[in-house]
Amino acid sequence: MSTIPEELSYTTSHEWVSNEDDVYTIGLTDFAQDALGDLVFVNLPQVDDEVVAGEAFADVESVKAVSDVFSPVTGVVVEVNEDLLDAPESINEDPYGAWFVRVGEVTEVGELLDAEAYAAHCEQEA
Amino acid sequence: MKLLFERSVPGRKQAIFPELDVPEVAFDEGLLRQKAPRLPQMAEVDLGRHYTELAKQTHGVNDGFYPLGSCTMKYNPRVNEQVAALPGFTDIHPLQPEATVQGCLRAMHQLEGMLAEICGMDAMTLQPAAGAHGEYTGLLLIRAYHQHRGDTARTKIIVPDSAHGTNPASAVMAGFTVVAVPSNAEGGVDLDALRAAAGPDTAGLMLTNPNTLGLFDPSIVEICRIVHEAGGLCYYDGANLNAVMGHARPGDMGFDCVHVNLHKTFSTPHGGGGPGSGPVGCKEFLAPYLPGPRVVEGEDGACGFDQPEQSVGKVRSFYGNFLVAVRALAYILTLGREGIPEASASAVLNANYLAHMLAEAGYTLPYGERCMHEFVIDCGPLKAETGVSAMDVAKRLLDFGIHPPTMYFPLIVHEALMVEPTETEGRETLDEFVSMMERILDEAHTEGEKLHGAPFDCPIGRPDEVTAARKPHLRYEFGQEG
Amino acid sequence: MGSYIPETREGRADMLDAIVLQSPEDLYAVVPEGVRCGTLDLPEGLSEMEVVARLEGLASENVRFGTVLRGAGAYRHHIPAIVRTVTSKEEFLTAYTPYQAEISQGVLQSIFEYQTQICELTGMDVSNASVYDGATAAAEAVLMLRDRRRSEVVVAETVNPDVMAVIRTYCASRDVPVVTVPAADDLGVDLDALRAAVGSATAAVYVQSPNYLGIIEDMDGVVECAHASGAKVVMGFNPISLGILRSPGEYGADVAVAEGQPLGLPLGFGGPYLGIMATTKALMRKLPGRIVGETTDAEGRRAFVLTLQAREQHIRREKASSNICSNEALCAMTASVYLAAVGPEGLAQAARLSAGHAHYLAERLGELGFALRSDRSFFNEFLTTCPVDADQLVDALARHGILAGLPTHDGILWCATELNTRADIDRAVRVLKEVCDR
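Protein chains in written order, with my numbering: chain A, 8 to 133; chain B, 498 to 979; chain C, -10 to 427.
Do not rely on the hints blindly, as some may be mistaken.
To be verified - Some chain C residues flagged as far from chain B (calculated, every beta-carbon gap over 10 Å):
#1 -6
#2 30
#3 136
#4 163
#5 172
#6 190
#7 212
#8 269
#9 296
#10 333
#11 355
#12 385
#13 412
#14 419
Unchecked claim - Straight-line alpha carbon distances no greater than 27 Å define the calculated DSS-like cross-link-like pairs of lysine-lysine that follow:
#15 B:510 <-> B:553
#16 C:275 <-> A:71
#17 C:308 <-> B:532
#18 C:270 <-> A:71
#19 C:270 <-> B:968
#20 B:968 <-> C:275
#21 C:422 <-> B:968
#22 B:510 <-> A:71
Said to hold, decoys possible - Reference listing, derived: stretches of chain C covered by chain B, where coverage requires no fewer than 3 residues with Cβ under 8 Å from a Cβ of chain B:
#23 146 to 157
#24 174 to 187
#25 191 to 198
These aren't lab readings, by the way, just hints derived from the structure by calculation.
All of these numbers come straight from a predicted model, not from anything done at the bench.
All residues carry an ideal CB built from backbone N, CA and C; glycine is no exception.
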C-alpha cells in the first residue's frame, strides 16, 4: 500500500499538489514512482515557462520507458527543483519531498482529489 | 577485458607513415592544438590480440541461431563481402567524372531496377543510409506531393499502435503530427478506427505488412483505399519484406512509396548496428520529388546523374551506402526470379514450423500458430503462473549460445518475445531451439526463482542499467598517466 | 540459381507436413488473390562463380586513379593493414545492435573505446556511437540545439555543399529557418556578416574548419560572436587535421561533427561513411543516437551497456528528437582501430604529411600560373585559379592516371594527403606543364 499524506491534494494522473500562499508545489506520488520503477532522469521546465492544467510540463525516464508529468494548474513556473537532475532517485526514495516545480500566477486549478478519493482511485488502478 | 587505453604503453608504435619528403608546414601557434589526444600507443600484435579477444565476446550470426524478431538476421553470404571489397568499387572517388564511374552507376541502376520490380514501384533512390532514414525520405516525398498541390492542411500521419518506434519519430522529423490507430483483436488495423482517423488533414499512413506481430493484414487493399479516398498516401515500411518478396508487392497492395532494408531482407551484414541501407521506392507520380542526384541511363547506354526537378533535397552526402548496395546486388543476382520467392516462402515456413512446435511445447501464441515470417509469444501466462518473465526466458537462452528473440515488442503484447527464424536455418537448428525453450519452460516450473538470475555462463551477468543511466560514464577516464 | 536455404526441398516438405499444410502456396493463403504477384521480371539466379564474374565486370568499368588530387568531402588516405583484418572479423561484421549486453561485451567495449577516442580527438566530453555520415551529423547537431526560445539556425556558406544541402533538407521539414552567411573575399566566412546574422532567436551556428575550400576558419571569432548572442556553435572538422590542429574543444565549440571517412574507410564511391558527433557534458542528453556507458554486473564486474536509451525513438517514439536507429557501428570500429593503429604520433604525422604535400603542390602549381585564391592558412585543400580549360586539364591528367582537383565555378579545388608523395606531385606537375605549354 502506497503512502498518501492527508494534507496534500492529488490528480488522477498521480501528481500531488500543495498550495501555500497561492504558490503550488507539484510532485509525483508514491503510487506513481512505484509503478514507474527506478527513475534515471527527469526533464524539467525552466523558470518563467507557462504550464497548463492537464498538460505535460515534465517527463521522467526509467531505463526502458518515459512518462509525462502533468500539471494540475495553469500558471507560471517560479521555481524548479534542479536537485532532481543529479538525483532522480530521490523521487523513488522520498516522493513527497522530491517536488518538481513551484507554480505561481495561477489562473486555473484542474480537478483535484483529496487523500481519501485518491486512495480509492489508486485502488481502482492497482 | 582491458581497454585499449589500459593496454597502451608510452613509446610503443607502428611504422605506418614515412618521414616527411617535403618541408613541414609552419602553422601559426594559435592554429595548433595544445594538448595531444591520448590515443592508445600500441604495437600491432597488441592491437590484433585486443580485437581477437573482443571478437570472442561478440555474438554474430555465425555464432549461432539469431531469431531476433523484426531484424531478419539471415546469413550474410561471403561472396557479397568479396565483391564489395573489389578495389574497382572501394577505391573510387564519389566525385570522379561520370565516364570513369560507369561500373558504379550501372550497379546502382541495376539494383534500383530490381528493387523497384520486387516492390512494385516505378523509381528508387539508394541515398538513405538506413531504414529510419528511408522512412524520413519517403515521408518527405509525401509532404512535397501535398505541398506542391497546395494541399497544406494535410499535416497528420496515421501509424498503427503496433508500429516500430521509428515510424512516429520519422513522421515528426518530416514535419507531421502522429495519429495512432489501435489494432483489432486479430492484430490487424482496426478499419473503423482508421475510417475515423482518415480525413482532410491526413497526409498519409505508415504501415508494415506483415505487421510487427508477423500477421499479413487481409484487409490491406481496403486499408489503402480508405486512406486514398481521404486524400492521403500510403507508405510501406519494408522492415518485414522478407515475408512476402516475390509473392506480393507493396505497389500492388496500394502503397505509393516504400523503403526496404538491404541489411535485413537483402542479406547485408548488420555490423553491430550499421552500416545499413534504406533505399526508397515510389510510384511515378512521386518520382519528381526524389532526392538527387539520381542515376539515369542515356540512349547510348551510358549512365549519368540527373537532378529531379522538384527534389526534396539531399538526405545524405553523395549517393548512399554504395558498398552495401553492391552486396545487395550480388544477393539478388544470386537468388534471381526463382530464388527470391523461394527465400521468403522458406522464411515463412520456418516461422510457422517454429510457432507450431513452440505452441506444442506449451508456450502461448496470442494470435495463433499461423503467421508469416515471424510470430509473437506472450509470456504473460507463464509469468502469472511461475513469475518467470519474457526477460528471464530471453536471458536464459544466452546460456545456450542462442541470441534471444526481440523482447517486449510490439508494445501491445506486454510480455512479448518476437521470433524470426529467417530462411537460412535448417530444421535441426529450429528443433534444437525448441528443445532449449522446452527446457526453460521446465525450469520455470521447477526452479523459476533461479531464472531471474540468468544468464549464468556469459562473460558478465545482467548489467546494472539503472546506475548506467543515472550516473552516465560514457568514456574512459584517464588516471594520472594522462 | 544460387540459394542460401540449407533445408532440402524434401526437408521442407516434411516440415510442411508437420504443420499440416499441403504446399508452400498454403503459407500465403491469407494474402488476397488480387495482390499476389506472378513471376517477377528479374534475371535468372546465378552461381557464385557467375556472380563474381558479373561484379568484377562492373568493377572493371570504373577507372581507378593511381594519384588522387581531389577531396571535397571524400579523402583517399592510407589504410593500415590491420584495420581491414579487424573489421572483417565475422563476429563484428554480422552482429546486430548490442541490445543483449551479456553476449555483446566485445562490440559494446569497442564502441566505448571509440567514444573515448573521439572525445580525446575533439576535446569534447561526450561522443555518441555514430550517425550516418558527416552531413547528417551536422544536420542532427543544429537541430538538437533548438529550444523553446531559439529556433533558427545560422550556417556559413563556406561549408561543404552536400552538408549544406542536408542541413537544408532536415531543417525545412521541421520548419526551422536557415540563415546563411557568405564568404569574405579571402574565402573564410565573413565574420561581420555572421555577427549581423546571429541574434536572440539563433539556436546554432554551423561553421566547418578547414572549410570546403580548405581555409582554416577564424573559429575564435566564430565562437565569440555566437556565444555573445547566446547561440551555440557546431564546428565541423577534418579528423586527420586534428593530429596537429586545434580541436573543437579547445576553441570552445558546443558540438563537434565530422565526416569520419578519412579514418580508415575507403572512398567506396561515397559510402558507407561515418558521422562523428561529440558534445559537452551540459548537452549530453540532447545528443541523438546510441551511446554506450560503463556500469557493473551484480558481481561487480565491469560491464558495458547501451544507455540513456529513453532519448531514443524506440522508447520516446514521436517525442524523440531524432529517428535514428541503425547507425554506422562497423565504420566507427574502423575509425577506432585506425586511431589505435596510428597512435597520437602517427595521426600527427598523417596530418603533417597531408598538409606538407598540399602546400608543396600549391607551390608547384603556382609556378605554372595556378594562383591561390586566398592567402589564408589552409590544411590539405586549396582553391586555385585555372589558367587553362578545366575540362582539358582533367582529361590530360586522367590520361596519366591522375584524378585532378575538382573544377568549381571559380577555379580548381585541389587536395593532397600522405599518399601524394613528392615524386607523385612532381609527375602531376610535369603533365600539367605540358597542358599549359600547349
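Taking the hints in turn, this is what the structure says about them:
1. -6: violated (5 Å)
2. 30: Label violated. Min Cβ-Cβ 5 Å, cutoff 10 Å.
3. 136: Answer for residue 136 of chain C: holds, closest chain B Cβ roughly 16 Å.
4. 163: violated (6 Å)
5. 172: Since the minimum Cβ distance to chain B is about 19 Å, residue 172 of chain C lies beyond 10 Å and the statement holds.
6. 190: The assertion about residue 190 of chain C holds, with a minimum of 19 Å to chain B.
7. 212: Residue 212 of chain C is indeed farther than 10 Å from all Cβ atoms of chain B, at 13 Å.
8. 269: Residue 269 of chain C is indeed farther than 10 Å from all Cβ atoms of chain B, at 12 Å.
9. 296: Violated, since 4 Å does not exceed 10 Å.
10. 333: Residue 333 of chain C is in fact no farther than 10 Å from some Cβ atom of chain B, at 5 Å.
11. 355: Check passes; 14 Å lies beyond 10 Å.
12. 385: holds (13 Å)
13. 412: violated (8 Å)
14. 419: The assertion about residue 419 of chain C holds, with a minimum of 17 Å to chain B.
15. B:510 <-> B:553: Cα-Cα ~25 Å, so holds.
16. C:275 <-> A:71: holds (17 Å)
17. C:308 <-> B:532: violated (39 Å)
18. C:270 <-> A:71: holds (22 Å)
19. C:270 <-> B:968: holds (12 Å)
20. B:968 <-> C:275: holds (16 Å)
21. C:422 <-> B:968: violated (62 Å)
22. B:510 <-> A:71: Violated, at roughly 42 Å.
23. 146 to 157: Coverage by chain B holds here, the residue count being 6 at a Cβ distance below 8 Å.
24. 174 to 187: With 0 residues close enough to chain B, the hint is violated.
25. 191 to 198: Answer violated; 0 residues pass the 8 Å Cβ test.
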